[in-house]
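Dock chain Z with the ligand against the given chain X, drawing on the hints supplied.
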Amino acid sequence: MSGTHTSGGVVWLGSPAFPEAARSAVADTRLRTNLRKATGTIRDKRVAAAAELDDWEELRTAAAAIKRATLRHLDHHLLRLEESVTAVGGTVHWAADAAEANRIVTRLVRATGETEVVKVKSMATQEIGLNEALAAAGITAYETDLAELIVQLDDDRPSHILVPAIHRGRAEIREIFRERMGEWGKPAPEGLTDDPRQLAEAARSHLREKFLNTKVAVSGANFAAADTGTVAVVESEGNGRMCLTLPETLITVMGIEKVLPSFADLEVFLQLLPRSSTGERMNPYTSMWTGTVPGDGPRAFHLVLLDNGRTATLRDTVGRQTLGCIRCSACLNVCPVYERTGGHAYGSPYPGPIGAVLTPQLAGVERAASLPFASTLCGACYDACPVKIDIPEVLVHLRARAVDAARGGSLPTPESLAMKAAALTLATPRRLSFAQRAGALGSRLLARRGVLRRLPGPLHRWSDTRDTPAPPRETFRAWWRRTRPENQ
Amino acid sequence: MTTSRETILARIGSALTDVPKTERYDAAAISRDYRASHAGGHDVTALFAERAADYRATVTRTVHAPTAIAAALAERVPASLIIPDGFPAQWLPDEGGPRRLADRPPLSVRELDAAAGVLTTCAVAIAVTGTLVLDAGPGQGRRALSLLPDYHLCVVRAAQIAEDVPEALRRLNPRRPLTFISGPSATSDIELERVEGVHGPRTLDIVIVEPTTPAPGEAA
Ligand code: SF4
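Protein chains in written order, with the working numbering: chain X, 47 to 534; chain Z, 161 to 380.
In isolation and in its complexed conformation, chain X is listed as follows (with noise of 0.2 Å):
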């Protein structure tokens, strides 16, 4: 059995540098059309589901507000909800990174004396390679989103925060399915089709028996509040509801920038997340659970709270608000470079415009420079983002600051200052509208000027791919404007 599908850390390890992997993953036809399919339906869902909200803008205002506050004060937060979950029965750790977290995880597991584990899906377990340290330790750990389970079957990575399967059309999965399913347990059926009704029934039983059998299931978490303890896990398959429900041990995995003061700031997460998302009013199911209930779900719960990197990104006044990401995957499906280059290409966990802006935060610019330059500024992002997150302002800064890392941090270097410059342009206001012209015009005028063949390796390759699709002429917004009206 191979357990180990990736490779631990928030950069894969091995991975090209984007444009590498980007130019690959254009050549591959299939992939394009599984993607650009799959992202204009979730596009054109979302769309009319937040067009639904008449107050859509100050539901985004207000969520951009409560994790920029909380962001600010995130000790006092975190501190209050480590009171919150020991007072309810649960126990708090804190990880400083990646490292940490798998041995506090591995360590809990072991006390239990089990050595399988279901899963549901976590970024922060991926982004730390807990199953691969789990592995070292002797521990098996199952995926059980239909897509991680996918992908886990197939020792593939993920490439979309949403549907990490997106790159895998039916009749591939059936294959997957008919192959591997066997080696981890109860194999697919006999004649099983490609019929997705069929695939997610061969999904329904080959888990169920892990369900049923294991003593101890790790979760991410969507949300936790301060005030009450209370964590969230928002999901559609119910196999969420499974891992909190039935094993005896939870042992839950998240960002410390998860937090948030309070129970009844849900309101608007809740509204925003399944709209975001999946395009739906509300996902088919949300588990909240406030440490341990008698007779009900999990005897002991563990929260181990995960820094790696993420106080560092704190420390960037314009990196900050990276931090709210609610990983709704909004942005993806509206980015041009992630419709026509997919997930994998960004060598990271986190995927299209936020994993380019979050990934060389959490690892250091220096590990992961390519990633700020793999976007067209184009602002689309920005648009559907439900926390507001300013990306294309994230990614001027943070090219700024890989050019810097780029010359050791001397000299500042023309590009550099070209940079800066721009950071400074997106700082004043109506930034919005100007920095997509400046970032349309931007990118012609530096190819044309040469400027990013001037820079490192990676850099240099990608700006050969860079020229091949023409920076849109309208911006994302004007043409949104234009085509549709009636979504302001």
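Keep in mind the hints are simulated off the structure, nothing from the lab.
One thing to keep in mind: the hints can contain errors.
Okay, the calculated bits of chain X under chain Z, using three or more residues with CB under 8 Å as the criterion [unchecked claim]:
(1) 189-200
(2) 238-246
(3) 299-306
(4) 324-332
(5) 343-353
(6) 406-420
Nothing here was measured: the structure is a model prediction, and the numbers come from that model.
In this text, a Cβ means the ideal position worked out from N, Cα and C, and glycines have one as well.
Frame of chain X; chain Z with the ligand shown alone:
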């Protein structure tokens, strides 16, 4: 030796040097100009029924719960039905229909998995989003009861329907385990085609009991 807790808190402290020492988190300062409700003056019962049906749940409105429950069971014919403690006896149809199971003493997960269906009440429903919220209260039982059987029949009193998410959260007690249910379980993981029913119940029926029936003697 410094603990990681101290390390992280110290890192946060030094990362936030731009935040004035005297500044405190002020929830009241956050602009909350969004609507308290998107029900827009609609009849909440009708709105909930319509929105829940959008998820392909089957919704029935009734003034007589036993009749509607019996009709749903006659349609779905589950072989067995879990009825959690505290489910209002006056809502139950006369004997007949599926074999009834009580969770007392607690059923094993194998028994839950083998049960065909479950009949529950709920704590709150949300009109705008078509959502049911269970809080493991009377008539609902522990969370696993409404998870493992493939069929879930949920009875909602019209008075339990909140207009929108904010009102629903205010009505709920976060100390209880909460499960928000919006339609049957679903996945769009295969080419983004929505398939109902992965791990949770694949069939969800909802019976709304309207107020002309005397309210059963359970707490709201
Ligand atoms: S950056 Fe915004 S749009 Fe992108 S995943 Fe995060 S919350 Fe969603």
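Against the earlier hints, flag every one the structure doesn't satisfy and list their numbers going up.
3 and 6
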